[in-house]
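S.K.: So you can see what is in the structure, the chains are spelled out below.
There are 2 protein chains.
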Amino acid sequence: MSDLQKSLSHARTHQAEYLEQYKELLAFPTIGADPAYREDIVRAAGWIAADMQRIGLTNCQVLPSEGNPLVYGEWLEAGSDQPTVLVYAHYDVQPVDPLDLWVSPPFEPTIREGNLYARGSIDDKSGVHVNLKAVESMLAATGRLPVNMKFLFEGEEESGSPNMAPWLEAHKDLLQADILIVSDGSNDNETPLIMVSARGIVSAEVRLHGPVKDLHSGSYGGVVHNPAHLAARIIAAFHDENGRIRIPGFYDNIRPLTDTELAQMKAVDDWTMTTALRETGLTHFWGPAEIPFQVRQTAQPTCEVNGMKSGYQGEGEKTIIPAEASFKVTMRTVADQDPDDLAEKFTRFVHSFDCPTIKIDCQINSAKWPFQGLTEGPVLEALQKAYETTYGRRGLLIRAGGSVPIIGDLSRILGMPLTSLSCGNGDNGHSPNEFIRIKYYHLGIETVIHFLYNLAGNALQQL
Amino acid sequence: MSDLQKSLSHARTHQAEYLEQYKELLAFPTIGADPAYREDIVRAAGWIAADMQRIGLTNCQVLPSEGNPLVYGEWLEAGSDQPTVLVYAHYDVQPVDPLDLWVSPPFEPTIREGNLYARGSIDDKSGVHVNLKAVESMLAATGRLPVNMKFLFEGEEESGSPNMAPWLEAHKDLLQADILIVSDGSNDNETPLIMVSARGIVSAEVRLHGPVKDLHSGSYGGVVHNPAHLAARIIAAFHDENGRIRIPGFYDNIRPLTDTELAQMKAVDDWTMTTALRETGLTHFWGPAEIPFQVRQTAQPTCEVNGMKSGYQGEGEKTIIPAEASFKVTMRTVADQDPDDLAEKFTRFVHSFDCPTIKIDCQINSAKWPFQGLTEGPVLEALQKAYETTYGRRGLLIRAGGSVPIIGDLSRILGMPLTSLSCGNGDNGHSPNEFIRIKYYHLGIETVIHFLYNLAGNALQQL
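Read top to bottom, the protein sequences are chains A and B. Quick note: the first sequence uses the numbering used here, first residue 45, plus one each step. Quick note: the second sequence uses the numbering used here, first residue 45, plus one each step.
Since the hints were made in silico from the structure, they are not lab data. Please note: incorrect hints may appear among the correct ones.
Identical copies carry no separate label here, and so any pair may be met within one copy or between two of them.
What the hints assert, rightly or not - Derived DMTMM-like pairs: lysine to aspartate or glutamate, alpha-carbon spacing no greater than 20 Å straight-line:
#1 Lys353 with Glu368
#2 Lys403 with Asp453
#3 Lys483 with Asp258
#4 Lys50 with Glu213
#5 Lys257 with Asp405
#6 Lys353 with Asp405
#7 Lys362 with Glu323
#8 Lys216 with Glu359
#9 Lys353 with Asp258
#10 Lys389 with Asp405
#11 Lys257 with Glu323
Computed from a predicted structure; not experimentally measured.
I would like the entire structure built from these sequences, with the hints used as guidance.
M.R.: In structure tokens form, the structure reads like this:
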């Protein structure tokens, strides 16, 4: 019996035990955003570190940060010819409001119809526990792992990881590895999903100050510059008729798509467009038609007004020239665009409308990096083969139009290639009655085992 | 002693009596907008008609309308070689809230420091009473009037005269005259003000409907047309860089200014600009610089956004593509622009942005005519000479940038030239503690007497 077979066999004979342990972990109310749960956060971190120690990982520790602690552990005895894999997941969870919509209490894990209900069951304690139980199975069954491994479990992801960037900078050496595996998110019911990219985000608010107060539109129409008009002029200038952004330099530094990537995107174009038609209620989409839908949706930068306001907004009419106007913008960036650079270009463009009649104030609120994961090569192939074995199908490569700033930071600061590996299937990640399908919790453990053995088969230089 | 001297003398010897009568009129709580005061409105109308009868007018009557009644009276024995003058004023008043800011109750006329405090004392029972007391003085002292006269006193002006247009159409014959005198508004403290024009108004609301709900700006940025962007594009298209309106045909049918009018406007350019600088807190104005300030402010049409809204307006950010955007517009029109024609041009322009990605809805809320009064000629000269005698200075010709739709309707439907004649000086017309300066109440009566005698000196054909 091979090491792989021994490991899988161990995982299968210990399913009930693993699930009981998982319920223990799920019972910690690790709501990271709420200081009232700080003690539970610390207890959960200690529980995870102790479990890592027990199953045979080394250097296990709870590491302080400016916010909630992180948990670290490693196993580095696979030999220098084997890759070192860094696994990231987070043990903090979303708040539970509205509590009265939960069928069973969020921190009393409960099984109903093959699902395990608890806050964090899919997002993202599954990422923590499935990885650890895969490793436990391998170590218990064979005394070793096929690759070198490091584990980093965060406690503030659901609060936007406000302290992670400097923490990562300070722990670069500890976290050095060949490949980063991000274990977060859920697979589709029967289809594995591999998130290969997400866009960065730059958010801004522009305020325009005209006269000291709202003026009578009759008395001053024709002589006072209306801030709503200038706001409109700026917003209208963001795009040309075809939806191409006119901010100078906006398309600089975009990493060209490979032929493989383009083909992957075109392959899902119909599927994503069908989804989008249903979700939006629209009959027609927008943007440069010569660029494929998926590319526009995920691999091109955007500039969208999220809100604008000026003057009177109630019923009927109020005959004023508004004193002020303002609008909020989010821009999405793609690899390898520097969000700070884009923020500067946006600010410069807005201020190109400076005039003596209206004061323009442009404030950048955040500037976060995009990430670009592997879209081909031996690591991705190792993962796909694992899914073929466990799910019976290859994973769908998904590009997020939205942003996952923590992955951008991990990728950029640690400087290593990455892929995502979702460890379960479930739903209601940020809603009441969050659950994981128990069948897929166990299948997740086997997927990780397969993946790591597949990875060991690849020479380090191939990464 | 001339008829003029006899009339003036009568007015002077009866000042105390007239003021007591005025207090009686002011005591009626004629808040026209509030149905609770309907009975007081009717009683006041009857009181006015009775006073007209008593002083010697004929055909005095309270005329019903779809809303509050109007009061009519006439004196037509001056001979067919004398002009017929129609005087318009209104006896309804603004509401009195906030009541606790009134030093004395709004319908208990009270004298303090030479001022008579009461709701309606300046706006516009002065227009009713000053005219009647001038006529009473002339009839009592001489048994006749120098010109033929008709009086029309309205009861719904402060509610926007919603029933006047059809009522005027139905009473055209009764109201036939050579010249319309609008007795509303207040003079400046020591300077008579003659309003010679006001702009019309067309108001509209434009709503843009995009996706069925707010969408994630990451997931759909780049493929969904953002309604805020299209709203901005439409608004930005209203004006060119110099503030000239780009709606096709927007400047059609503007009556050219005469040299006299242009000179009148240039004469007050500095004064109005100084006022505007103080009022707006601005250092620079806007609009085509080759057009004088006063002309832009009062004699050119405008298109102003009064309010716009879309998406998220709270603190911080919300990463959405808004489902909708909307904005409100008021356009000001000048003689002889037809507001309905302009409304149609606006609607057509907005719909020139129709596209398959966003549904545009353009709703016209109102379309009211501008008015253009006399700016030169014998009638205006008759009025100016009256002011020279009573105030010691000629009146300042004022053009309102705003709108007084009732005058537009009177002028257009009755089809006669008009001038304004403010019968008093006072303040707080729409605020607590409204008052008229008693000295100028009496001076108003003398001004009307002088004006009518001056007018009689002019041959009818000169009008």
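S.K.: Hint by hint, note whether the structure agrees.
M.R.: The hints, checked one at a time:
Taking the closest pair of Cα atoms, lysine 353 and glutamate 368 come within 20 Å of each other both inside a single copy (9 Å) and across two copies (13 Å). In the homo-oligomer, the alpha carbons of lysine 403 and aspartate 453 never lie at most 20 Å apart, since the shortest distance is 35 Å inside one protomer and 40 Å across protomers. Neither within a single protomer nor between protomers do lysine 483 and aspartate 258 lie at most 20 Å apart by alpha-carbon distance, with minima of 63 Å and 35 Å respectively. In this homomeric assembly, lysine 50 and glutamate 213 never come within 20 Å of each other (Cα to Cα): the closest approach is 39 Å inside a single copy and 100 Å across copies.
Taking identical chains as interchangeable, the C-alpha atoms of lysine 257 and aspartate 405 lie at most 20 Å apart only when both belong to the same chain, with a minimum of 17 Å there against 30 Å between chains. Both within a single protomer and between protomers do lysine 353 and aspartate 405 lie at most 20 Å apart by alpha-carbon distance, with minima of 15 Å and 19 Å respectively. Taking CA atoms no more than 20 Å apart as the test, lysine 362 paired with glutamate 323 passes between copies only; the shortest distance there is 19 Å, against 36 Å inside one copy. Taking CA atoms no more than 20 Å apart as the test, lysine 216 paired with glutamate 359 passes in neither setting, with 57 Å inside one copy and 35 Å between copies.
When the C-alpha separation of lysine 353 and aspartate 258 is checked against a cutoff of 20 Å, the pair qualifies both within a copy, at 14 Å, and between copies, at 16 Å. Taking the closest pair of Cα atoms, lysine 389 and aspartate 405 come within 20 Å of each other only inside a single copy of the chain (15 Å); across copies the shortest separation is 35 Å, beyond that limit. Proximity of lysine 257 and glutamate 323 under a CA criterion of 20 Å is satisfied inter-copy only: 9 Å between copies versus 42 Å inside one chain copy.
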